[in-house]
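Construct the complete structure from the given sequences, taking the supplied hints into account.
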Amino acid sequence: MQTVKITVNGALYEETIPARMLLVDFLRDRLALTGTHVGCTHEGVCGACTIHLDGEAVKSCMMLAVQADGHAVTTVEGLARNQELSVLQKSFREHHGLQCGFCTPGILMNMTDFLARHPNPSDEEIRQGLIGNLCRCTGYVHIVKAVREASKTLASTAG
Amino acid sequence: MFPAHIEEYVRPTSVADALAANARYEDGEAMFIAGGQSLMQAIKSRMARPRCLIDLQAIEALKGIGFEQGLRIGAMTRYVEIAGDERLRGAYAALRDAAAHVGDRQVRNRGTIGGSCCWNYVASCTPAVVLGLGGTFNLVAASGARRAVPASEFLIGPLETARRPDEMLESVAFAPVAGRAGSAYRKWGLLKDALPVVGVCVQVTLDAAGVCTAARVSLSGLSAGAQMATAGDAALVGSKGEPAALERAFAAIADSADVQADKWASEAYRQQLIRTLGADVAATAFARAVV
Ligand SMILES: Cc1cc2nc3c(=O)[nH]c(=O)nc-3n(C[C@H](O)[C@H](O)[C@H](O)COP(=O)(O)OP(=O)(O)OC[C@H]3O[C@@H](n4cnc5c(N)ncnc54)[C@H](O)[C@@H]3O)c2cc1C
Ligand code: FES
Ligand code: FES
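Chains Z and B, in that order, give the protein sequences.
Residue numbering for the first sequence follows the numbering used here, starting at 1 and increasing by one per position.
Residue numbering for the second sequence follows the numbering used here, starting at 160 and increasing by one per position.
Among the hints, erroneous ones may be present.
[As the list claims (entries may be wrong)] Coverage of chain B stretches by chain Z, computed from C-beta distances (three or more under 8 Å per stretch; other residues unrestricted):
| no. | region |
| --- | --- |
| 1 | 166-173 |
| 2 | 189-200 |
| 3 | 212-226 |
[Stated by the list, open to error] Which chain Z residues face chain B? A few, computed with CB under 8 Å, are given here:
| no. | residue |
| --- | --- |
| 4 | Met1 |
| 5 | Gln2 |
| 6 | Thr16 |
| 7 | Arg20 |
| 8 | Leu33 |
| 9 | Ala57 |
| 10 | Lys59 |
| 11 | Val66 |
| 12 | Thr74 |
| 13 | Gly78 |
| 14 | Ile131 |
[Unchecked claim] Listed next, the in silico EDC-like pairs over lysine to aspartate or glutamate satisfying Cα-Cα at most 16 Å (straight line):
| no. | chain 1 | residue 1 | chain 2 | residue 2 |
| --- | --- | --- | --- | --- |
| 15 | Z | Lys90 | Z | Glu149 |
| 16 | Z | Lys90 | Z | Glu56 |
| 17 | Z | Lys152 | Z | Glu94 |
| 18 | Z | Lys5 | Z | Glu43 |
| 19 | B | Lys351 | Z | Glu125 |
| 20 | B | Lys351 | Z | Glu124 |
Since the hints were made in silico from the structure, they are not lab data.
Every residue, glycine too, gets a C-beta built ideally from N, C-alpha and C.
Here it is in structure tokens:
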């Protein structure tokens, strides 16, 4: 057992955990932040567990929680501010960027990071950015649209 | 829980401390963890059951890209950093080609050049590119002894390298390239940016008139792992990268390469990929050869 200090969505958590605990299990089982999903078993290919580690999109099933000791994690629960959804979240709702919603938290986390680094992406760039997230429902068309429209909204409100 | 019990997790801040932690265990019982993008799969499936994990994330000496004598890339340098480094042009551009298309952006935010080469997965991109560019692996042992092992000797075969259990990979180095040189890498996989069914890396050196004086071709995705392919050298050297010469070179490589069928692709399909990708990659390498 090891005691770790991990900042999650701005709050510092000090927890004693076994070294083998995956970061995604720490978030879901210890902190009850069940917005981060588990879609695949051990391959790390579905992206449903995507979170931000120090502001970068990573797969939380491909890390141990002890590796996040001393770092800052953001999960989908941390995207809304004062009960208000982020621009990207609103865009997903408006443009039907989800059906069952299982993949959505991971896609939101990946695309939030993506848009911060690619403020004016082409559809092709958005599709490239989505390679690490599987969606079995939508066929991606509305996801791409939701990301594209969010980028426009962000650009128009930025300056 | 997926992973088996892990007794100890340590996060040293120096290479010496990491090697000392490793030396406290029997060979193979302690494992270094870099980006975890291969090792975590193995740990979750219990194919690997380390008693101790030595996390290299806090060792700054293992990170970064330097151009002091040729090129030196720290083992803990991530794909995202290699893909985004515009100084990796000409002779070294193939490294960016490969890094930019490994897996997906989440994987590239964690995975490292050192982890990829130490794992040496049968179908992986970086080992073939380091081999193709004639790289050298800088290893350091717990005793402090250092050795530089050429890629051709380091990359023994799938999941096998010349690294000894008491050694850590510090960096991957490339000798300075004299004159005009260009390189490129491209792969074809079942999904966009997936593991290569076939990948081709080409590096060419040109004289002042644009005539090729040296060529290096390596392949990824074949059953023997990353490998050099020399059968096209005769057609490439002396050419200016004319389409006919490139076609001849990669026809020779496709005919002579040890190509095997698997559930992903037949032998003939892989040979066709070598011909098509190869000519395209070589044309890019010629075009990138800068003064
Ligand atoms: C979804 C997905 C898609 C992928 N797609 C591709 C792809 O298209 N092409 C491709 O090439 N790869 C692909 N990969 C594999 C990826 O490249 C891995 O990141 C890489 O193989 C391992 O690097 P790592 O830093 O994550 O190493 P780790 O997984 O942390 O370590 C791998 C091995 O190297 C050892 N090790 C690490 N660093 C050192 C060191 N400095 N000294 C000694 N030993 C060390 C570890 O002990 C371990 O045995 C993919 C992986 C995933 C999950
Ligand atoms: S659960 Fe599928 S990538 Fe993490
Ligand atoms: S909305 Fe169902 S998996 Fe994407």
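The hints, checked one at a time:
1. 166-173: Held - the region 166-173 of chain B has 4 residues with a Cβ nearer than 8 Å to chain Z, which meets the minimum of three.
2. 189-200: holds (count 5)
3. 212-226: n = 3 at 8 Å, threshold three: holds.
4. Met1: Violated: closest Cβ of chain B sits about 11 Å from Met1 of chain Z, beyond 8 Å.
5. Gln2: It holds, given that the least Cβ distance between Gln2 of chain Z and chain B is near 6 Å, below 8 Å.
6. Thr16: Status violated, d = 13 Å.
7. Arg20: holds, 4 Å
8. Leu33: Because about 18 Å separates Leu33 of chain Z from the closest Cβ in chain B, which is outside the 8 Å limit, the hint is violated.
9. Ala57: holds, 5 Å
10. Lys59: Since the shortest Cβ distance to chain B is 5 Å, the answer is holds.
11. Val66: Holds, because the Cβ-Cβ distance from Val66 of chain Z to chain B comes to roughly 5 Å (cut-off 8 Å).
12. Thr74: violated, 14 Å
13. Gly78: violated, 17 Å
14. Ile131: holds, 4 Å
15. Z:Lys90 <-> Z:Glu149: holds, 10 Å
16. Z:Lys90 <-> Z:Glu56: Cα-Cα ~21 Å, so violated.
17. Z:Lys152 <-> Z:Glu94: holds, 14 Å
18. Z:Lys5 <-> Z:Glu43: violated, 27 Å
19. B:Lys351 <-> Z:Glu125: holds, 13 Å
20. B:Lys351 <-> Z:Glu124: Distance ~12 Å between Lys351 of chain B and Glu124 of chain Z Cα, so the pair holds.
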